[in-house]
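Let the hints inform the model, and build the full structure from the sequences given.
Residues per chain, in single letters:
Protein chains: 2
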Amino acid sequence: MDDVKIRLYVDQPMGAGQSLTLDKGQAHYLFGVMRQGLGARLAVFNGRDGEWLAELRAAGKRGGELVCLEQRTAQRDPPDLWLLFAPIKKARTDFIVEKAAEMGAARILPVQTDFTNAERIRQDRLQAHAVEAAEQCGGTYVPEVAGLCRLSRLLDGWDAARQIMFCDEALAGGSSALAGSLAGPWAILIGPEGGFSQAERARLRGLPFAHAVSLGPRILRADTAAVAAMTVWQQALGDWQ
Amino acid sequence: MDDVKIRLYVDQPMGAGQSLTLDKGQAHYLFGVMRQGLGARLAVFNGRDGEWLAELRAAGKRGGELVCLEQRTAQRDPPDLWLLFAPIKKARTDFIVEKAAEMGAARILPVQTDFTNAERIRQDRLQAHAVEAAEQCGGTYVPEVAGLCRLSRLLDGWDAARQIMFCDEALAGGSSALAGSLAGPWAILIGPEGGFSQAERARLRGLPFAHAVSLGPRILRADTAAVAAMTVWQQALGDWQ
Numbered sequence: 035m036d037d038v039k040i041r042l043y044v045d046q047p048m049g050a051g052q053s054l055t056l057d058k059g060q061a062h063y064l065f066g067v068m069r070q071g072l073g074a075r076l077a078v079f080n081g082r083d084g085e086w087l088a089e090l091r092a093a094g095k096r097g098g099e100l101v102c103l104e105q106r107t108a109q110r111d112p113p114d115l116w117l118l119f120a121p122i123k124k125a126r127t128d129f130i131v132e133k134a135a136e137m138g139a140a141r142i143l144p145v146q147t148d149f150t151n152a153e154r155i156r157q158d159r160l161q162a163h164a165v166e167a168a169e170q171c172g173g174t175y176v177p178e179v180a181g182l183c184r185l186s187r188l189l190d191g192w193d194a195a196r197q198i199m200f201c202d203e204a205l206a207g208g209s210s211a212l213a214g215s216l217a218g219p220w221a222i223l224i225g226p227e228g229g230f231s232q233a234e235r236a237r238l239r240g241l242p243f244a245h246a247v248s249l250g251p252r253i254l255r256a257d258t259a260a261v262a263a264m265t266v267w268q269q270a271l272g273d274w275q
Numbered sequence: 035m036d037d038v039k040i041r042l043y044v045d046q047p048m049g050a051g052q053s054l055t056l057d058k059g060q061a062h063y064l065f066g067v068m069r070q071g072l073g074a075r076l077a078v079f080n081g082r083d084g085e086w087l088a089e090l091r092a093a094g095k096r097g098g099e100l101v102c103l104e105q106r107t108a109q110r111d112p113p114d115l116w117l118l119f120a121p122i123k124k125a126r127t128d129f130i131v132e133k134a135a136e137m138g139a140a141r142i143l144p145v146q147t148d149f150t151n152a153e154r155i156r157q158d159r160l161q162a163h164a165v166e167a168a169e170q171c172g173g174t175y176v177p178e179v180a181g182l183c184r185l186s187r188l189l190d191g192w193d194a195a196r197q198i199m200f201c202d203e204a205l206a207g208g209s210s211a212l213a214g215s216l217a218g219p220w221a222i223l224i225g226p227e228g229g230f231s232q233a234e235r236a237r238l239r240g241l242p243f244a245h246a247v248s249l250g251p252r253i254l255r256a257d258t259a260a261v262a263a264m265t266v267w268q269q270a271l272g273d274w275q
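Quick note, the sequences are listed as chains A and B, same order.
Residues 35 to 275, numbered by my numbering, are exactly what the first sequence covers, in order.
Residues 35 to 275, numbered by my numbering, are exactly what the second sequence covers, in order.
Hints in this document: simulated from the structure, not taken from any laboratory.
Be aware that a few hints might be false.
Because identical chains share one entry, a pair is satisfied inside a single copy or across any pair of copies.
Distance condition first, Cα-Cα at most 20 Å in a straight line; then the derived DMTMM-like pairs of lysine to aspartate or glutamate [claimed, not checked]:
| hint | residue 1 | residue 2 |
| --- | --- | --- |
| 1 | K58 | E166 |
| 2 | K123 | E169 |
| 3 | K123 | D83 |
| 4 | K39 | D193 |
| 5 | K39 | E227 |
| 6 | K39 | D202 |
| 7 | K123 | D37 |
| 8 | K39 | E203 |
What you are looking at is a predicted structure, and each value in this text was computed from that prediction instead of being measured.
Next up, the structure:
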């Protein structure tokens, strides 16, 4: 198999002989930044059809064309794990999305909690971070970044079949192990810096499908907690097993 | 116990009635940024004597004075775990140091590998990040950030009693479990982006005290890998048990 250095997400159907159109940003990256020329080979994926070897057939300032040669790896979807987190600062929010994609979250849901002030997020920018992380980590799947939603509203319409692992700093020093009936879809909920409100904590503790978990004796920042919680989950129930 | 909002690292001996001198930076933070006045109470720690409740006795533009009232928590040192990593980009390096302190590393060692170009690091700036992380995470210990050292030189003088968990992206999809005789001191070694060289990998694999571990099927960035590896270790052997 050809050893390629470049992986590119192209949201178009892929198959042998299929041609792919590059947009202006992709053309700039391939020709301007990476100095690729006609005949160059790279890996492409669309989040559904696995990874394909593709060859550059046309190059211009405003676009270009690739042709798919052969599939390099089959599509591999992550486990059915959502990551819910409360966005606060821009840089940390970007990092959480990047890390969620690398760690294998299937869906990323920014939530407003009682102690979160974020009124809006740049969903398109966060989605671009998820794409970039997928390109970098070698995965063939790109998690969707959902729009900002209030946690209370999300819980109102929650499917009880999806269990929730919620990381509560009030538990610092408690158990980090997952217990109970573990099969089926899951979500990890990372609290905001400043923690959950008493009302939120009481509601979460009352949900039969929600499990409070401790992430050690120190208080972790939200982005650290996201990676640590996904590690615990992936090792116990996910695709690290 | 008084509920205090501010935690400050002050590198001076602490004890009941002990007075602490604030430097210009600490004075600016307490009086300028946090708007504290005489009589205000905060938590202080020096990395050795636990956490103390302290009261502001003098405030000026260039300094100030605190007095220790009573110990709030006893000193708690992390397990004897070192984190070795190859610094590349500034922001990621800062994050790794921050996360290592939050996750409970006892010592942080930046290393040069065959595929690392970093010639020098700002050790003082990285140490300041470790202090800030300790202030934020509620810990009473501040890990030392060592000077940059070549990995090969570090391994030449390695104490064989300290086992190494090395995270090798070439193992993607292998086991993330730690196996073997697990007691005693440990170090986690995170490879550089671009991976270890063949020579490094061969040497590490030949060391009887080094254990290769996989961190799942996707390739993680160095800062993500550092948190994930410390989670695996803390859950299995450290203070998350």
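Could you tell me which of the hints above the structure violates, numbers in ascending order? Result: hints 3, 4, 7 break, sorted rising.
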